[in-house]
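Now for the letters of each chain:
Number of protein chains: 2
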Amino acid sequence: MTTTGKQLFTTLSSDGKLTLEIAEETFPEPKGNQVLVKMEAAPINPSDLAILTGAADFENAEYSPGKVVADMPEPFLSGQKARHGQRLPAGNEGAGEVIAAGDGDTAQALVGQRVACVPGHAFSQYAIADAMMCLPLGEHDARTGASSFVNPMTALGFVETAKMAGQDAIVHLAAASNLGRMLNRICQEDGMKLVNIVRKQEQVNLLKDMGATHVVNSSDDDYMAQLRAAIKETGAFIGFDPIGGGQNSDHVLKAMEQVASAQMDEYSRYGSNQDKTMHIYGRLDLSPTILTPSYGLQWNVSGWLLTPFLQKAGMEKVAQMRARVQQNLTGTFASQYKAEVDLEGMLTKDAILDYRQMKTGEKYLVTPWG
Amino acid sequence: MTTTGKQLFTTLSSDGKLTLEIAEETFPEPKGNQVLVKMEAAPINPSDLAILTGAADFENAEYSPGKVVADMPEPFLSGQKARHGQRLPAGNEGAGEVIAAGDGDTAQALVGQRVACVPGHAFSQYAIADAMMCLPLGEHDARTGASSFVNPMTALGFVETAKMAGQDAIVHLAAASNLGRMLNRICQEDGMKLVNIVRKQEQVNLLKDMGATHVVNSSDDDYMAQLRAAIKETGAFIGFDPIGGGQNSDHVLKAMEQVASAQMDEYSRYGSNQDKTMHIYGRLDLSPTILTPSYGLQWNVSGWLLTPFLQKAGMEKVAQMRARVQQNLTGTFASQYKAEVDLEGMLTKDAILDYRQMKTGEKYLVTPWG
Numbered sequence: 001m002t003t004t005g006k007q008l009f010t011t012l013s014s015d016g017k018l019t020l021e022i023a024e025e026t027f028p029e030p031k032g033n034q035v036l037v038k039m040e041a042a043p044i045n046p047s048d049l050a051i052l053t054g055a056a057d058f059e060n061a062e063y064s065p066g067k068v069v070a071d072m073p074e075p076f077l078s079g080q081k082a083r084h085g086q087r088l089p090a091g092n093e094g095a096g097e098v099i100a101a102g103d104g105d106t107a108q109a110l111v112g113q114r115v116a117c118v119p120g121h122a123f124s125q126y127a128i129a130d131a132m133m134c135l136p137l138g139e140h141d142a143r144t145g146a147s148s149f150v151n152p153m154t155a156l157g158f159v160e161t162a163k164m165a166g167q168d169a170i171v172h173l174a175a176a177s178n179l180g181r182m183l184n185r186i187c188q189e190d191g192m193k194l195v196n197i198v199r200k201q202e203q204v205n206l207l208k209d210m211g212a213t214h215v216v217n218s219s220d221d222d223y224m225a226q227l228r229a230a231i232k233e234t235g236a237f238i239g240f241d242p243i244g245g246g247q248n249s250d251h252v253l254k255a256m257e258q259v260a261s262a263q264m265d266e267y268s269r270y271g272s273n274q275d276k277t278m279h280i281y282g283r284l285d286l287s288p289t290i291l292t293p294s295y296g297l298q299w300n301v302s303g304w305l306l307t308p309f310l311q312k313a314g315m316e317k318v319a320q321m322r323a324r325v326q327q328n329l330t331g332t333f334a335s336q337y338k339a340e341v342d343l344e345g346m347l348t349k350d351a352i353l354d355y356r357q358m359k360t361g362e363k364y365l366v367t368p369w370g
Numbered sequence: 001m002t003t004t005g006k007q008l009f010t011t012l013s014s015d016g017k018l019t020l021e022i023a024e025e026t027f028p029e030p031k032g033n034q035v036l037v038k039m040e041a042a043p044i045n046p047s048d049l050a051i052l053t054g055a056a057d058f059e060n061a062e063y064s065p066g067k068v069v070a071d072m073p074e075p076f077l078s079g080q081k082a083r084h085g086q087r088l089p090a091g092n093e094g095a096g097e098v099i100a101a102g103d104g105d106t107a108q109a110l111v112g113q114r115v116a117c118v119p120g121h122a123f124s125q126y127a128i129a130d131a132m133m134c135l136p137l138g139e140h141d142a143r144t145g146a147s148s149f150v151n152p153m154t155a156l157g158f159v160e161t162a163k164m165a166g167q168d169a170i171v172h173l174a175a176a177s178n179l180g181r182m183l184n185r186i187c188q189e190d191g192m193k194l195v196n197i198v199r200k201q202e203q204v205n206l207l208k209d210m211g212a213t214h215v216v217n218s219s220d221d222d223y224m225a226q227l228r229a230a231i232k233e234t235g236a237f238i239g240f241d242p243i244g245g246g247q248n249s250d251h252v253l254k255a256m257e258q259v260a261s262a263q264m265d266e267y268s269r270y271g272s273n274q275d276k277t278m279h280i281y282g283r284l285d286l287s288p289t290i291l292t293p294s295y296g297l298q299w300n301v302s303g304w305l306l307t308p309f310l311q312k313a314g315m316e317k318v319a320q321m322r323a324r325v326q327q328n329l330t331g332t333f334a335s336q337y338k339a340e341v342d343l344e345g346m347l348t349k350d351a352i353l354d355y356r357q358m359k360t361g362e363k364y365l366v367t368p369w370g
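First to last, the protein sequences are chains A and B.
Residue numbering for the first sequence is 1 to 370, as defined by this note's numbering.
Residue numbering for the second sequence is 1 to 370, as defined by this note's numbering.
There may be inaccurate statements among the hints.
No copy is singled out in the list; a pair is fine if it fits within one copy or between any two copies.
[Said to hold, decoys possible] Subject to a maximum C-alpha distance of 30 Å in a straight line, what follows is the list of computed DSSO-like cross-link-like pairs (lysine-lysine): (1) Lys312 <-> Lys349; (2) Lys232 <-> Lys349; (3) Lys163 <-> Lys312; (4) Lys317 <-> Lys163; (5) Lys208 <-> Lys67; (6) Lys193 <-> Lys312; (7) Lys81 <-> Lys232; (8) Lys338 <-> Lys232; (9) Lys81 <-> Lys193.
If you're looking for bench data, these hints aren't it; they were derived computationally from the structure.
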């Protein structure tokens, strides 16, 4: 028995056309520990936009119902050479009802349940998912459970990464995002100190209202002084940056070094011996990362990705993290959405131009059945 | 009993004047495991230039015998706030004769011997050095032993860093330098594969003549193709970059990713899962480091400094490395010099404008007694 339903595909051709389209797709019978999920809700995460919109020109794209064709500029076209011509599904995560299962025990146990899942093709009416990665939602609806994986595990992953590095304080950029608010709740629960960096006064207010102690506004004239004061008070020498482009991480490293070198007894031409680390976990800004020579050579800038982190953390730790998410879905790990769209609605000009901006806290939810 | 002799000092004032001057200095009696070394030779390493010349304007400086005053431009002036007003010695390493020692056994055993040492004020007629860090030179003269520490331990440190990361191949930029040639000899001895990146055909020839297998010329039109081929053949996913500024490391990471993603079965929006690491160990170029979004998020760019590396490697490993240097001073660890200058000669316009360029392989040796 096979099932058919609508699914979104994204194709980048070698001549620079990015095509997003909704197509009728046939889903095979789930095997082993696979389940077939009738998808009810899936968030559009920044990590989805890399493959969905990237740097393409959606202002001047050709729109038709359920389809859009946009030009992909260089260097982003040749930078994605490996995907040229491939018709790719999209959507990391979502939630829905398990309507069929392979013969594996874990899969069979989920039949009839509402679950959060991570199929990698969540922008679809159906999805084949790994039962081991499904989170039963109990009485919660799909909307509540749709973002159970990417943001919660990422936010918990930051805290674990800091702990694994022997740190008890974190700097976070674009800190008023869904993820950033979640991180504030986790840090408050875990006693991890957190320096929040935002760009607007209303975001300062939002985080302060949540009980955040350290919120720094990068639009203020005295941003660097605010940042140094917060780093000094918390001892935060590890940070997480979803923006990537420009000098966001650079400024944090500079402030970290200024705090560290002010505490040194003696001048060193090599800067302080304080380790300073920034993890870039996203590319909200596709311009290059700029690192100035203003913090010696005792620093580290790394990409941070959820999957390799989870592998490094190990099965037991990941199971603990998942249980914590499941038990706190409406509290610590709650997500907010700005708008809901169906699959065709995802591909309208208004929607794309809005969600591709990835404005802080303005997340879209896809409900594939409308 | 105290000793007096000439020593170089460097002072950056808060109003932007960098003053280098030779002054008569008094050296105290060595205590404990200190020795007093009559310095005979000291190399001007790139790591010395950070404090000696930095980004100051030596083209339009005021020169007088044994003294030069140059303007330090922004942002380098405020970037070095921690040293404003401090009169600092300079010169990481050198060699000379031990003429007095503290009462410690290690120090006493060195009296009358010629040693290499790491006093941090080697541009001087005398230096107080830690006997534990001195390397007895036996029959070798000071010129042969002057560069026994920084370059040899750094080159050995690269190989150890790669091994500690489970790697058996290295990429090295500016590879025709004294350090780069040393690294070639070490890698040949140790069976570590090495991709040498240089900027001129004569440097390609020089390294090929030394038996280097992989030498890539970044001035060639097909540089990226050459680099990809060498990375593919060696499997080199860890590199060392003394330049720092610009896109040198960026290009290497990009080539690494292209090699890794070409070997993947399936397209991933996050790039390959191959770890890619560049260590920036110098700042020959003081412009910002530029990292483009063209190699996913599985990468790492870090500052690399010798002292923290040695601490991480541990006493036993460091002792092994030092013994290897001592036994191969005229072979594997030999250095070449372009010119010799005395202390006053260091501060002439001709000399400064020449050595501050840090041209590959054109190192100066300071002989403080002329």
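We went through each hint and held it up to the structure:
1. Taking identical chains as interchangeable, the C-alpha atoms of Lys312 and Lys349 are never at most 30 Å apart, the minima being 40 Å within one chain and 55 Å between chains.
2. Proximity of Lys232 and Lys349 under a CA criterion of 30 Å is satisfied in neither setting, with 46 Å inside one chain copy and 43 Å between copies.
3. Taking identical chains as interchangeable, the C-alpha atoms of Lys163 and Lys312 lie at most 30 Å apart whether they share a chain (13 Å) or sit on different chains (20 Å).
4. Taking the closest pair of Cα atoms, Lys317 and Lys163 come within 30 Å of each other both inside a single copy (13 Å) and across two copies (29 Å).
5. In the homo-oligomer, the alpha carbons of Lys208 and Lys67 never lie at most 30 Å apart, since the shortest distance is 42 Å inside one protomer and 56 Å across protomers.
6. Taking the closest pair of Cα atoms, Lys193 and Lys312 come within 30 Å of each other both inside a single copy (23 Å) and across two copies (28 Å).
7. Proximity of Lys81 and Lys232 under a CA criterion of 30 Å is satisfied inter-copy only: 18 Å between copies versus 44 Å inside one chain copy.
8. Taking the shortest alpha-carbon separations for Lys338 and Lys232, neither the intra-copy value of 36 Å nor the inter-copy value of 46 Å comes in at or below 30 Å.
9. For the homomeric pair Lys81 and Lys193, the shortest alpha-carbon distance between copies (28 Å) is at most 30 Å, but the shortest distance inside one copy (42 Å) is not.
Checked against the numbered hints listed earlier, the structure breaks hints 1, 2, 5, 8; every other hint is satisfied.
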